[in-house]
Every structure is written in structure tokens, then in C-alpha cells.
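Student: What follows is the residue order along each chain.
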Amino acid sequence: MVQILVHTEFEENVISHSSELKRSPKLSELWHSGWPQTLDEFERFVNVFQKRLFRFIFYRLRNQQDAEDLLQTLFLKAYHNREKLKKVKSQVGAYLYRMALNACIDHGRKRMQVNHVNIDDPDQASSKYMSVDAGATDELDRIEEIMQQIPAKQAEVLRFRVMDDLTFSEIAKVIGCFETTARTRYRYGVKKLRQIIQEEEKNHEML
Amino acid sequence: MKCCKVQNRILDLLPLSLEESLPGDILQHISTCSVCKSFYQEHEQAIERIRPTNPAPFPQKFNEDLMQRIRSQENTNSQRTAVTSKKTFLWKPVYVTGMAILILSFFVFSNPNEWIQYLLKNDAALSADIRLFNAFANEFSYSRHTGMLYQSNEVIFHPLKAFFGEEEQWYPITVINKSGQIEIVKIAFNENHRKKRIIKDESWYDLDSCRFLRMLSIDQKVFFLNAFDGKQLLTTQKNSNKSGFSVEIDTPVDFMIPQPGEFFGFMASLPAFFAESNDVKMVNSISKKQIDGEPIQQIKTTIKKNGEYAYRYYFNITPSNNEIAEIHTFLYRTQLLTIRPNTIVSENISSFPQNFSETRFDNDTANDINIEYSDIPPFSKRISLVEIRENVWSDYLYIEPDVVNRQLIEYSDMFDFGYPSKRAYLTTYWLPDGNPVILIQSYSLNMRYGEKIKGASKLIHSTKQGLNIWESPIIHKVAKQVSQFALSMTEKPLNDNIKGYLLEHPNGCFAYIVSKKTMDDELLRFLARLSPLKK
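Just so you know, the protein sequences line up as chains D and H, in that order. End of the first sequence = 207 in the working numbering, gap-free, step of one. End of the second sequence = 1535 in the working numbering, gap-free, step of one.
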């Protein structure tokens, strides 16, 4: 039986939209060899990952200076521990993301403590976002507001997938779960996200 | 393709930045299905809401700064290494000389306990408890199975985490109660404690006259005592008086004085049961290396706790691998107890303590402690043929004692022989013609496996009373397994020529029968006489 493809306007839109998009490379496509051992190798390694990792950290910390410092520390750690990390052969990118995630979590904890100490100092509190572009911060704050309503584990996978362009297998490696688990969390997360947006729209209409 | 499948795939494919384009089959479906089309559009829009449009402001010269930092650190490190290597070179001879002096002084001044040497070297074929005894016997110039054995353990109750309950940390000891029965007693603190508490558990076994004394104390203040001085039994009981304890002395009406070998074998081994610990580790007391392997048997049961079902774990620990073992118990990686054998023998305990019945109890210490006579299943205990203790066992066994054939029972035990029965009750009968019949009853057999095995078996006999006997290759395999267990439990030898059958009782219960004999009239008559089983 011959299948007849019906090209509708919608379909054409989707195809054109898709072809316009430049597909984000997978982590495994970015770096093929093992953990860099020499300084030259490491410089190439930094060149490959720096922008993606910066984006990853910046979206989580929402502070440019903090993100830069954290990324510097992360790469320094990655270089100094290169002997130990030799055994990470095939999943270098995922491992690096995992390190970045842990660093963000640690940073968040420390910032909570610092904020707690300085809560009465309005100058210090307002300096939190001083170095960040106002537009970018507003947008990230708005996204974070939505993310707060989604269960934490699902939101985490959503961030990885939508903001960091990681595949399910990469997400699974970074957060240490099965690929199917990551996929399921993502599906539930998207559904929840859709509900939240629908409710927002309803409220908006009522207003 | 079904819509639900398409929708799931759409969710997986979004956002499209990760894919080249939507696959052809999905495109085809959404072009014809309005539901999936709107699903796609709605979810794509939703995802776009959490996708940042502003690029992350990547700092300029990031790479240059980083590499500069790395290079400068590299230089500093190489300088440091050079200095450190010089220092190591300078200090090395000092360390070596110091170590040499220490080793020499150890050989010159130390006097290591001989019995530890005996224990570690003597006769590897013997079990640890026998070797321990031999070590003591040699130390005190006694021959084997005579003389005095002293055992001492330090029981460390680690600080309890706030979320743990007081029920979760207790030390079990085997005692002979005032009726002469063997019982397990739980020793616990009355309240949760935030600091380490240490109980000293000391035992003296006079193997010449079959006397024993077991004494528990904290900071040399005694709070529990169990003893038999050759004439009377003495044991601490929980009581209602103000001190919380009293010592009750009873004349040994039921208590049978065991033979020296049995007495030692029973009392001096280290079987221990730990409830609420879901992990147990044994380490060598001297080397602190972990001992792995068979000695620890774990048995998991379900209990109802605070209205909810929870697991309770029991461990049967027998350090049979010729090492003095330190036992550590854990609950979800939090350490509960450490049982540490005392490896130092002091001279003042080389004889059996006299006038121990006059021991003074420390009321303050006793008030801190809770002693509970427990109903822990005696998995590895030998039952007296005269006294089958139905009352203690009733919660754990699914049978009634075999009254009719009791005189034929050679051995009766509760044990774990792995799959399929983690807890099984085994009774060995020796028929008058000298053939063994082993009856195995277990909860899993009654509740799950019996019917399944029956389905794959051949009915070979039915009695008038409704007793069915099934023959099955599965049971034959079980028989081989059981014969190995039974070999270690009975003195009479069992060979490999043993067969297994499934016994189905009229009340719906099952049992395995293992017999050296082929199924003949005599064996059938015997089986027909077995007491009814109970679910």
C-alpha cells in the first residue's frame, strides 16, 4: 500500500522551523578522547566546553560574576585532578556537567548561608544581581518562578533538556539515573508545565 | 500509529533544538490528527516559555585568564615539589631510625598474650570457639574440654540519631531462665542516649563442674546476672520493685546438666541475633580487616510497628572462620552496636568467681537498663527432646509438635537453607529400621510453592485420611540440598542416595519429605501417623 503524504500548511511550517534550527551537538560529539592530560589538550578541552558550561552555570546561579568564578574553579579542579580522572574515558562531557551541577549545588548552599547573615544589609542584598544584564535576569527570574511550581526532580530534567540541550542519555549520566527515568520525569515535567501555563492563561483571562 | 504513542514521542522530541526535524511518521500523523497537532503546538509553546532567549553573557578572555592561572599554579607547584623533596630527603633517616628503635623496643619489652598466638596458629580445622577454648586451656594449663573459660565482650551502644527509636538498639544475650529453659534476653537502654554507652559482658565457664556465670555491668556496676553454680540457677528478672530488678533463685527442677562438651559448645559460641539492624559486619579484632563469608545469616521478617508493617532483620552470627571477631551492626549505615571481644586476659579472673550469688546490684545503673525476655525465634538452637517449647515458638512455626512420633525424633531445628525457604522447620526421624525421614515445613511452602510444585508433580499415593504424596524432580533436588544440612546436624551418616517427596495434608498444608528409603508401605504408614500441620 502506497502511503500518500499530505503536505499541509502546518507541516510545512514545522519542517521549515526545524530546518532553520541548528541542532545542538551532543556532548559525545564535542569531545571524543579521554580526560585531557597535557596543558595543550586541556586548553582545547576548555575551548570546547566553556560556553556551554558557562550557560549551564549562569542559568542556575543567575549571576555573571559567580558563574565565571565557579567555572574557573571547576576547570582548575578538572585540571589538577586529571590523574584521578583518567579513568573517565567515554563520558567526559557528562562527568564535567556533573561536576558543574555539584558545584552549583554547593554554591547555592553557601549563598544561602551568606544571605542569611547579610539579610539586614540592604546594600548587599541589592548587589546580588548587580553585575547581570537586567533583561536576562528578568527572564531567568520568570522562568525560575515557573520552575518552582514543578516538582524538583522533573524541573531538573527540564532544565537539562530545554536550557542546556542535553539528550536523555546525557541527562541520565549527569544525574545518575536510568535513561527511561529521565525520559519519564521529562514527560511529567512538560505536562505539568503545560498545566501551569494553562492556569496562568485562565487567570489572565479572568483578570 | 496511536495518538498516545505519537504524543509521547512528541514530548521526547521537544525542544526541536536537539533534533534535526520531526520524523516523517510523526509529521504525517500530526498533519491528519487535529488532537495531536494542537498537543504539539501547545507543548512546544509551553517549552518555549522556559527557554531563555537572551544569550548568557559569556565573559571575554575567560580562556586566557584561566590558562594563565593554571600556568602560574603549575610553576608554583613545581617549585614547592622541589622544596618538599629536599625536606623528605632530610627527614627520611630520622623516621627510619625512630621506627627501628620502636620495633626493637617492642621485641625487647613486650610480652604478647600467648593465647592469641595459640588461637591464630592452632589447628585451623577447628572452629573459632573451640580454638578460643584451647587457647585459654593452654594459657591456664588445662586440657581440652576441662578447666575454666572466661569470655569478655565490650558492647558499645553508639549514640542514637534523633529519628531512631529506642526499640532499634539492643543487645541480645542467651540465658538460662529460672525454669531451666534457654531464652533470649534483650538488653536495651530505657531512653535514647546521645553519647556512647559501654556495657561489659563477662562470662565464666567452669567446664569441669559445668558451672557458669554471666555478668553484665557498666563501669564495674553489675546490673544483670545469669548463673548456675552446679546446684541452683540464678537469674536477674524484670520486676516491679523500685529498683526495677531483683535476683530470683530457683532450684533446678527442669534444668538438665549438660555434658561438658555440649555445655561448652552451647554456651561459649557466639550466636547473636540483632533486630532492627539491616547490616552486620564482622572484622578481625586484631587486624581490623573485614571478615566476609558465610558466618552471618540474615533473616528478614515482617512486623507490625506503630500500625504499619515494617521489616525486622535477624542475624545469626557464628564466627566459624577461626578468627576472633568484632561485630558491628548498622541500620541504614548508622552504627548501632559494636561487640568487641576483650583480647586481654587479666590474672585475677583466672578462677571461677566465688560467692557470686551475693553480688550487689547497682540500682542506678539498673534503672537505666531495660531487660526484656524476648520471643526471638531461636533459629540455630537445639531443642530439648523433652521440652519442645510450643509457647515461645508458636508465633514462628506453622506446625504443632509431633506427639505421636516424638520418640523417633532425632533432631529438630529451625534453619535457613536458602531458596525457596528462608525459614524452615526441620525434624529428623529415625525409623526403627534405621532409615532417616526428614520432614521440612516452611511458610513459603504452604503459602506459595506447594501448589506450584504440586502442578509439576506426579501423585504416587493417597491415604484414606486424604494425605497425598507427590513425586517431583524439584523435590529430589531439594532432598540433595537437605541431606547436606542434615549431615551436619545428625550424628548418623546420610548418604547421597536420598529421595524427596511432597506431602499434602488434607487441611491444605504442604511439607517436604526427604527419605533414604523408597516409598513403601512402612514409610507410608509412618507418614500417615504424622500430626496434622497447621497453617
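Where hints are given, some of them may not hold.
As the list claims (entries may be wrong) - Short derived list, chain H residues pointing at chain D, Cβ under 10 Å: (1) Ala1046; (2) Arg1051; (3) Lys1200; (4) Ser1203; (5) Tyr1449; (6) Ile1469; (7) Glu1471; (8) Pro1506.
Said to hold, decoys possible - Only pairs whose alpha carbons sit at most 30 Å apart, straight line, appear in this in silico DSBU-like list of lysine-lysine: (9) H/Lys1061 x D/Lys191; (10) D/Lys26 x D/Lys87; (11) H/Lys1517 x D/Lys191; (12) H/Lys1061 x D/Lys86; (13) H/Lys1452 x H/Lys1517; (14) H/Lys1288 x D/Lys84.
Quick caveat, the hints were computed from the structure, so don't treat them as lab data. Note that beta-carbon positions come from the ideal geometry of N, C-alpha and C, so glycine has one too.
Student: Run every hint past the structure and note whether it holds.
Tutor: Right, here's what the structure says about each hint:
| no. | hint | in the structure |
| --- | --- | --- |
| 1 | Ala1046 | holds (5 Å) |
| 2 | Arg1051 | holds (5 Å) |
| 3 | Lys1200 | violated (43 Å) |
| 4 | Ser1203 | violated (48 Å) |
| 5 | Tyr1449 | violated (32 Å) |
| 6 | Ile1469 | violated (48 Å) |
| 7 | Glu1471 | violated (45 Å) |
| 8 | Pro1506 | violated (49 Å) |
| 9 | H/Lys1061 x D/Lys191 | violated (41 Å) |
| 10 | D/Lys26 x D/Lys87 | holds (21 Å) |
| 11 | H/Lys1517 x D/Lys191 | violated (67 Å) |
| 12 | H/Lys1061 x D/Lys86 | holds (28 Å) |
| 13 | H/Lys1452 x H/Lys1517 | holds (25 Å) |
| 14 | H/Lys1288 x D/Lys84 | holds (28 Å) |
Hint check: violations occur at hints 3, 4, 5, 6, 7, 8, 9 and 11; the rest are consistent with the structure.
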